[in-house]
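Protein chains in written order, with the working numbering: chain A, 1 to 318; chain B, 1 to 150; chain C, 1 to 295; chain D, 1 to 355.
Since the hints were derived computationally from the structure, they do not count as laboratory data. Quantities reported herein were computed from a predicted structural model and do not represent experimental measurements. Even for Gly, the Cβ is constructed at its ideal location relative to N, Cα and C. Keep in mind that the hints are not guaranteed to be accurate.
[Claimed, not checked] One side of the interface only, derived from the structure: several residues of chain A facing chain D at Cβ under 8 Å: (1) Ile-13; (2) Glu-38; (3) Ser-75; (4) Lys-77; (5) Lys-132; (6) Gln-142; (7) Phe-174; (8) Glu-190; (9) Cys-202; (10) Val-218; (11) Ala-230; (12) Thr-232; (13) Val-261.
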Amino acid sequence: MQNADREINKEKISVAEMAKQILEQGRADRLMGWKRGEFFYDNSPAVFENLSELDDFVYDLFCGSNLSKFLVKESRKDGKIAVLLKPCDRYSFNQLVKEHRIIKDNVLPVEIDCDGMLDIDKIRALGIKGIKKITVDGDQLQIDTVYGPKTCAREDVLLMKCLTCKDRVGGDRFELVKEIEAMSSVERYEFWRSELSKCIRCNACRNVCPACTCEKCVFDNDKSGIANKANTDSFEESLYHMIRAFHVAGRCTDCGECTRVCPQNIPLHLINRKIIKDLNEFYGEYQAGEDDFSKGPLTRFDLDDVEPDIVMERGGNK
Amino acid sequence: MSIENKEFKPLIVAFCCNWCSYAGADLAGTSRLAYPAEIKIIRVPCSCRVNPMFVLRAFQRGADGVIIAGCHPGDCHYTTGNYYARRRMTLLFSMLDFFGIEKERTRVDWVSAAEGVKFSTVMNDFSKKIHELGENRRLGDLRCKMPIEK
Amino acid sequence: MCSCSCSHEGHEHDHNHGHEHHADALIPVIGVVTDIRVDTPDVKTFRVTAPEGGICFEYMPGQCAMLSIPAVGEAMFSITSSPTNREFMEFSIKKCGTLTDWLHQIEPEQELTIRGPYGNGFPVDDALAGQDLLFIAGGIGLAPLRSVINYCLHHRDRYGSIDIVYGARSSSDLVDIDELKNIWPTLENTNVHLTIDREEEGWDGHVGFVPSYVKELDFSLDKTVLLCGPPIMIKFTLASLQEMGFDKTQVYTTMELKMKCGVGKCGRCNIGSKYVCKDGPVFRCDELDELPDEY
Amino acid sequence: MSAQILTVKMENIGNLFKAIAADQKLYLPLEQAGQVQFLPYDPADDSQKVRLDVLNTVRSAKDLFFPQSENMVAFKKQGKKIDIIENREKVEAFTVFGVRACDARSFDILDRVFLSEPVDVSYAERRARGTVVTLACNEPEETCFCETFGIDAAKPDGDITTWIADGLLWWQANTNKGVKLTDKLLSVDAGLFVDSTGEAKALEEQQEKIREIISQLPLHGLSLEYFHKEELKTIFNSPKWQELSEACIGCGTCTFVCPTCQCYDIRDYDTGNGVQRYRCWDSCMYSDFVMMAHGNPRTSQVERFRQRFMHKLVYYPANNEGIFSCVGCGRCLAKCPSSMNIVKVAKTIGGEANV
């Protein structure tokens, strides 16, 4: 990771204090961070322009959203903007700089620490309702609800992306991909039909994705012949996700935002991870966004690359 | 629909590079080598021109198999186009396989302008595979297959 | 009794629905383009009839219709002909988008689909009755007004004097219709004032923008104004009128926004709480003041 | 209307579903790949998991009356000729069970749009043929604020209202349609229900419990007083829209999970065999929503974001006797990728009343 012209928290002060100092010392004109929500868990991305606005600043266990994509717009405004980047967000940031989607000179990247973010949906999925407050108690969470106190393991309700954090030794991020690869073709088909038929085409995965920054998406272009707003049949349910995954192939940093925002909890990251796994196996390990200059695997080639029939020979049942 | 009762007539789309494979098809034709009529050739300037969208579009409109034919690696008219196509298609086909689409429905082959015989063999072979697989039901738009009626 | 306007062959209603049966306002009927006239380099007027002849449905001046070529597009157009014409409907259409590009290259006998009428139309039978009328149009803005002008001229005795101010970028952009040159100017108590934006060889009429021309003409303040044209022209003309002493309650104009359903349900063409397709397109200018500035 | 209260034991609820599904489609909150949706119930399929414990389906029940996508009409083009082929799907009678109080109210809000002249034919048919069986919310969530709109989660509307209390499902018909369904079920299986009219103490206690919980929810007492049509322009011109919309990524999640969002698009699909015209949900959050040939009156996300909330809180009420186009189901609170929602908007714009 390149560290030139970046803010790093050397003195280990709180993130809120860092944010304050940056605005106070005029190192940036604006600061992109998170703003306290209505409840304790619904923090929103926000731009802070002065110290009094920072009263609403928050950095806690519910700041999972990746701020780098907002910079596509924000870095084109006047003045310098500081942006808080968790370790995983840095990859998206680098990738966007590499693709010239962020105007680097207008941004002050600030690297902040993260111990893993919580997923309120996962907590709800455990059947915990009427959540009022959460306190971290070692590996356990004490949850105060309208229906009395509950507990759950912190590990069980981490955001998907935090389970295999790139900056920590974590589990095997391709574990589920391998499981699906091991299924028969029919099983794989059934699996994805069941998942993708939940899709409501809200476009949240596309709009949140730091790799999806086309000025005009092919799915919004009436002349493309595929700009259908709703999934009117099973083909369209698949088509949208296939094209989207493929379009970010080699550029996807595996930030996991698509899965985080999907209102239907479709494990969209599995498609991206499958592609990443293939790229690694065919063309050597590559992490998009590791730096902001190297060429991605689909924009270069080797003379002795594998032939496409390798797909026929490997993985899965027939 | 009672497709089983009807004889299966596949529709196969072949994207052929203008400089090699399309000329290969020509040569196959002038050499009176047979290849199946169900193969619809779409001429593209280079195998690299084939956007993954084209492949999916072909399946959407009812293709049972899609084959991309380009110059042999090293022989690209534009020097490097087919190398990129090779990476791209490998990845695409692997992804389609991951979605549970039969992997035999997609193929890439390199056919030069001098290989009329190879063109005919590849196409016959691919068509045979598709015949064995039967109709593509996993990746096609039903609306394109059914007539519009009241 | 089925009251829907769709009465052509091949359209059968399922009357088994019993009491819940309604005509589906979103299903179009067929219209046949019987004649195409070139009005300006980028405006053509299309004459449309029902397949068996005659108009496709009843309407009032200022109302609109949804025209469509399936798989090309569907869009709202004001009906240019007067409802007093029972033989055909006319649409003056400027080439500016996908559907209009397509329409500009069709030939007579082409069928299209049409549904309507939509919108409120001009209050020709109440607020406008008995009034001296001043029509002000710019460019393609004459299209909706032409319907009203011809309607009023048809019922000449119901209205007072009629003045028509019409301007365009150049003389070739003035919609080339017979009425403008040969009919309206010859009628009693009816005046036509033409203007173009810039000097031009062979043009001996007035030169200047519509807003300033209206001021020069110095109309008496008891007239009711019907105003239509590009948004910028509407804005400045309205300012001129107010400077002259006209009140906004005397001025009617028509609005245009993206529409899909035409019946105030698809949620697209709202200005504040009003839907242009249902509550408009004709608004009295003082009504617009109460709406947010988002058009 | 019959005030008769019937009960069926919760362990026999499967019989009730089978009886309803005997001659019509029955939609139940079923689990599909981990999510709960209103899906057709198949009595023969044991793998279906009915989830009456989950409060909100992600897609609201409006889907059953105003589906995300439906065919309208088709065309065949030949030379200069066009044929119109009406191929709208015929709507058969159906029942939906397990609709919550908020979703039930959303039908009234949609009715005011789709049943006003000119009536929307397919919506009207679905409304006429659909029987709505509601279920009271025993465990409201912290995101619930239906109370703000005068909705009683302890006694939802609908053709039939049901409650779960004391191991029983309590069943009360409210409308003719509800009575008709009840009578039919009794004619199929006379022993299905027990008449518990007059012995509804457990039910009343459950209702009290629900109302008690609701009075303790964090959004209890949320006020929308500030939002009335006299303030239309003030609200519209508020500088706060800018900061509120900052986090909005312009997706359609809020509009698609919302039970009262009703905007739709009409599109043509060229199948190669003809042109199918269909309509589908659309979102005012999308950049192309009001795009036309000569430009776009809403060029930035601020305007699109503002449109959605102005519609819900000001425009719709202005046209509908002050009724808000929101039922407080809390879906947008739970689902927005950036955690922006109508409550934050109401509190920021209509500040004073909510301090």
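Each hint tested on the structure:
1. Ile-13: 26 Å, violated
2. Glu-38: Hint holds; Glu-38/A Cβ to chain D Cβ min 5 Å, cut 8 Å.
3. Ser-75: 15 Å, violated
4. Lys-77: 12 Å, violated
5. Lys-132: 6 Å, holds
6. Gln-142: 16 Å, violated
7. Phe-174: 21 Å, violated
8. Glu-190: 11 Å, violated
9. Cys-202: 4 Å, holds
10. Val-218: Hint on Val-218/A: violated, closest Cβ of chain D at ~13 Å, above 8 Å.
11. Ala-230: Holds - the Cβ of Ala-230/A comes within 8 Å of chain D, reaching about 3 Å at its closest.
12. Thr-232: Holds, about 5 Å.
13. Val-261: Check passed: Cβ of Val-261/A comes within 4 Å of chain D, closer than 8 Å.
Violated hints for the displayed structure, listed by number in ascending order: 1, 3, 4, 6, 7, 8, 10.
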